[in-house]
Amino acid sequence: MAASEDNPILDEFTRKEYEFGFTTDIESDRVAPGLNEETIRLISEKKEEPKWMLDWRLAAYKIWTEMEEPDWAHVDYEPLDYQKICYYAAPKSKPVLDSLDDVDPELRKTMDKLGISTEEQKRLSNVAVDFVMDSVSVSTSFKGTLAKKGIIFCSMSEAVRDHAALVQKYLGTVVPVKDNFFSALNSAVFTDGSFCYIPKGVKCPMELSTYFRINESGTGQFERTLLIADKGSYVSYLEGCTAPQRDENQLHAAVVEIVALDEAEVKYSTVQNWYPGDENGVGGVYNFVTKRGVCETRAKISWTQVETGSAITWKYPSCILKGDHSVGEFYSVAVTSGAQQADTGTKMIHLGQHTHSTIISKGISAGRSQNSYRGLVRMASSAEQGRNFSQCDSLLMTDTSGAHTFPYIEISNPSAKVEHEATTSRIGEDQMFYCLQRGMTEEQAIGLIVNGYAKEVLNKLPMEFAVEAQKLLAISLEGSVG
Amino acid sequence: MLKIKNLHARVEGQEILCGLSLEMGSGEVHAIMGPNGSGKSTLASILAGRDTYEITEGSIEFMGVDLLALDATERAVAGVFIAFQYPVEIPGVSNMNFLRTSINSIRDQKGEEPMPAKDFLAKVKQCAKLVELDGKLRDRSVNEGFSGGEKKRNEVFQLAMLEPLLAVLDETDSGLDIDALRIVSSGVNALRSAERSFLIITHYQRLLDHIVPDRVHVLAGGRIVRSGDKSLALELEDKGYDWINEELAQ
Amino acid sequence: MKAEKLAEWVEHASGGQGLAQSDQGPRFPTTRDERWRYTRAGAIVGRPMRPVATAGQAPDSRPLPCLDAWRLVFVDGHFDSANSTLPDAGDLAEGVFIGPVSEGSKRFPEQASQWGHGHFSKTEWFAALQSSSAQDGACILVPAHLDLSSRPILIEHHLSGPGIVSHPRNILHIQQGAKAEILLWTSSDAHADGLVNLALDARVEADAELKLEYVQDEQGRNAHISHLAITQLEGSRLDMHTATARAHWLRNDVRIEQAGERGVSNFNGCFAAAEDEFVDHHTHVDHAQPDGRSAELYKGLALAGGKAVFNGKIVVHPNAQRIEAFQKNSNILLERGSTVYAKPELEIYADDVRCSHGCTTGQFDEDALFYLRSRGLTRPAAKRLLTQAFLSEALNGARAEVQAHVEAVMLTRINPA
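Residue numbers (the working numbering), protein chains in the order written: chain P, -11 to 470; chain U, 19 to 268; chain W, 181 to 597.
Derived from the structure by calculation, the hints contain no laboratory data. Given the structure is predicted, the values throughout are model-derived calculations rather than measurements. Any given hint might turn out to be false.
Claimed, not checked - Below, a sample of chain W positions facing chain P; criterion: calculated Cβ distance under 8 Å:
no., residue
1, 513
2, 530
3, 533
4, 534
5, 539
Stated by the list, open to error - Within a straight-line C-alpha distance of at most 16 Å, the following computed EDC-like cross-link-like pairs (lysine to aspartate or glutamate) qualify:
no., chain 1, residue 1, chain 2, residue 2
6, W, 508, P, 409
7, P, 405, W, 546
8, P, 405, W, 545
9, P, 191, P, 250
10, P, 131, P, 150
11, P, 335, P, 167
12, P, 405, W, 547
13, W, 493, P, 409
14, P, 405, W, 515
15, W, 508, P, 407
16, P, 310, P, 253
To be verified - Covered stretches of chain W, going by a simulated chain P footprint (3 or more residues, C-beta under 8 Å):
no., stretch
17, 490 to 503
18, 521 to 527
19, 540 to 554
Glycine is no exception: its CB is placed at the ideal position from the N, C-alpha and C atoms.
Using the sequences and the hints, build the whole thing.
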């Protein structure tokens, strides 16, 4: 089917406004754009960091200057000018916040508009929220309840001050500074993010949640998340992202590190809805993120992601299955429309014996977007009896979009077994017809079929997020049949 | 010919057989019946020589040799044949190639010459007739795309070709319609002889209407709890397995 | 590798021809290049080698001696007419040519020059080297509506000894509605340690059919790089089998372009990498026009110390609607210390398509092994049968003689324990 003229719904869809495209009018404290050692010293100074932290940043900066920006992903964009980005922007009226009541009223409004009113969520779903705006964490709720269990959940800046030993022990151990271009950049300039520690044997009684938001124009967001699940502990962690509508491209280069010690289990869920740019591909967030976890013996890390936003996504949440009998999972729904480009997937590195991993990836391409799955499954020669199953499906909604699959399978152990399947097809005409014949509108039918198609992944999300994700999917795909 | 003494076996730490004893003479047909989970299929797997089971106690003697000391190949050479409940599909290996390799491998290990092609083909023809296996099935890959009934017929066809001393039929009647059941059992009956014994493992009595056993054993809780002649099977059919369980509980 | 050393190697290996368009042309591949991620080309250019002016000794016997075929024999990139069996020019229909490129380019200069030096010479360094140093090879020209498939054509390329590089170039032109069956066969002497740098450019025009079987059975420690570029026009059909029965270090790069509608491309491959061996199969099918079909099946085995690579790419271009493309790759690691790298890729730019790939890597099904053993087969015999079955699926449809030869060589080499 041809593009817009015979499909008014598609047309409407591509002109669909970004729902979260508003800015918050808060005076902010910015550092002049540009990146050099001085910028880093300034960030560190503003955050009142100890010397070891500054030294770590400077070392990372030196490494970054010697690296080249990667070009292997199936995405196409104008090279970024790293000297034009502002590396620090914090809401100026930044008091020490003890409770949400102290939060700037404008900021509170932002949260409300986002539909993640912390107050409301507190009451409804018992979720502890850390809210990161631009570069700085502005509020963390439920601290007291968590503290009773010995759980630390705070902003990264606080953790650097108050839990230095833990941060020093684990920071950069899962994603080394020199891992890639963007992780090195992040290590040099990260401004805030969330820190979480679950003590031995503790099951975290509530979902922990962080909301990230880029507000200032011309700002990069470089948050850093470090999550440590001590032996036998459990935590479910949620992450949400939005950004206002801007004409220029904003860079988001985050690093997330997870350490799952023996028999710990971590569920990490993301609903990513950064501003994708307009239908002509102007503006939108460049989402270049490195997420990785390491599993010790019998530990389990499960990544679930619903990716609907960003102009460009470059993201591979990964598991290093180091301990014997450890388990890694990756469940992903990635929707691209308009002129979006996504190159996303996972890496499962099997080192331990009897390590198992599962990859379920569902790509949906609409508009003129390009949607790629890129994944690595490696069975090291030590990965005795390692198992992987991967299923990567792509659904094409228009004849102008693209769906691509690039799996890398590297096997060096003869007792390991790896199965990979991938299919690409368009939305089933007979399915559509069946729904229409049963009285549904085209939009309902698409919503139904796509949600069914993505169900395997959506089911992995915690309840509160699943609802939000379904809504997002529906919005992203309204009338996008090709 | 077969003596099982006080057999104890476990799977993943769980005891499945706990003190099973059974004796069979040459040419005899024995049936083992029992409720689901009583250990019937475990017994078949142990006889076949699968290494997923751990024998913790007891012994199995077959034709005077310690069966447990033999690996799966050696057991087949010694004359033990298992008609599997779920015969595996082997794409790319034709039934004929499979059987020729099997027969000649057994002959080779016994120090015999390979079977001449002419004899082999004649035998195929004769055995296929026994279970009404048509030519198409013979030329297809082993069990690939076969229906449940076709797979079971293929098992009995192989049984006829390999001429074992002991044939264990593991739930051969499951998934068979009445016609297939008739074909399979008449095939088995034709293969009965004074040298060949059959151990029929089944949940239902109906197979025993067609293949009449000399002895019937009831397996429950990993042991033979009752033995009798063919009337025991009818009694079981009549009263169900709860009756056994109740008696055991007392 | 230092630039000067590489330049020196090129000077020798090209026989003084150098590398055409070395400035704008493709760069020497390293593992930083996505297409060479798992393949170390540096290993080849480390040793000195050069083309020879006169051919060495051809092997005593011809491959598949019982096969009734036209035979073209090339040794070290030179035509060996004494060992070849060719039709008399007068016996053939007008416009048919079966012979060496050296002669074909004189008699049919237009065809021979038009279809040579295809796709790869602009994108791949070794193909560019091939192009600038091209030696002799087979030239098969089949005019429209002629069915030549009643008698196959066997093209044999042999590398005769140490220190030699050959750059054979082959041209196939199957015109509208014509049919041909071609066997390409490479072999090398046990002492060979140089390089076979082979190119084949084929053009299969509208409604034409090409059956191509490629057997690589090389005894030496030489390296081998093949670039096969096949262009298909509307309604044409390609049936291709590639079997790497024996090779020390080998890379095959196959590109099939469906430049016309309703193309059908079926291509299979099988390979085994034993100790100290490296085998790399890259395939790429371009669905540039609507209503095409492709089906691909590659099967690989790796033994201790062996390394195998499979990279299969399916590209469906914008507006190439109603494409059905299927790819399957299965690999078995037979022993400890073996490695397989697989990268099955889909790049889809049209929506009304049915494309899929499946890739499995593991070992023989334990249930199947057990079943065979419980029927009296020894463990090695059972593995042997399963190996044969594993390979046979990929060889299905190839000539029985080819199947038998490949299976025999591979089973002897693998000798599963």
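Checked hints:
1. 513: 4 Å, holds
2. 530: 6 Å, holds
3. 533: 6 Å, holds
4. 534: 6 Å, holds
5. 539: It holds, given that the least Cβ distance between residue 539 of chain W and chain P is near 4 Å, below 8 Å.
6. W/508 - P/409: With Cα atoms ~9 Å apart, residue 508 of chain W and residue 409 of chain P stay inside 16 Å; holds.
7. P/405 - W/546: Within the cut-off at roughly 12 Å; holds.
8. P/405 - W/545: Holds, because 10 Å separates the two Cα atoms, which is no more than 16 Å.
9. P/191 - P/250: 14 Å, holds
10. P/131 - P/150: This hinted pair holds, its Cα atoms lying about 14 Å apart.
11. P/335 - P/167: 14 Å, holds
12. P/405 - W/547: Measuring from Cα to Cα gives roughly 15 Å; hence the hint holds.
13. W/493 - P/409: Holds - the C-alpha atoms of residue 409 of chain P and residue 493 of chain W are around 14 Å apart, at most 16 Å.
14. P/405 - W/515: Holds, at roughly 13 Å.
15. W/508 - P/407: Since the Cα atoms of residue 508 of chain W and residue 407 of chain P sit roughly 11 Å apart, the hinted pair holds (cutoff 16 Å).
16. P/310 - P/253: 14 Å, holds
17. 490 to 503: holds (count 3)
18. 521 to 527: Per the Cβ count (7), the hint holds.
19. 540 to 554: holds (count 4)
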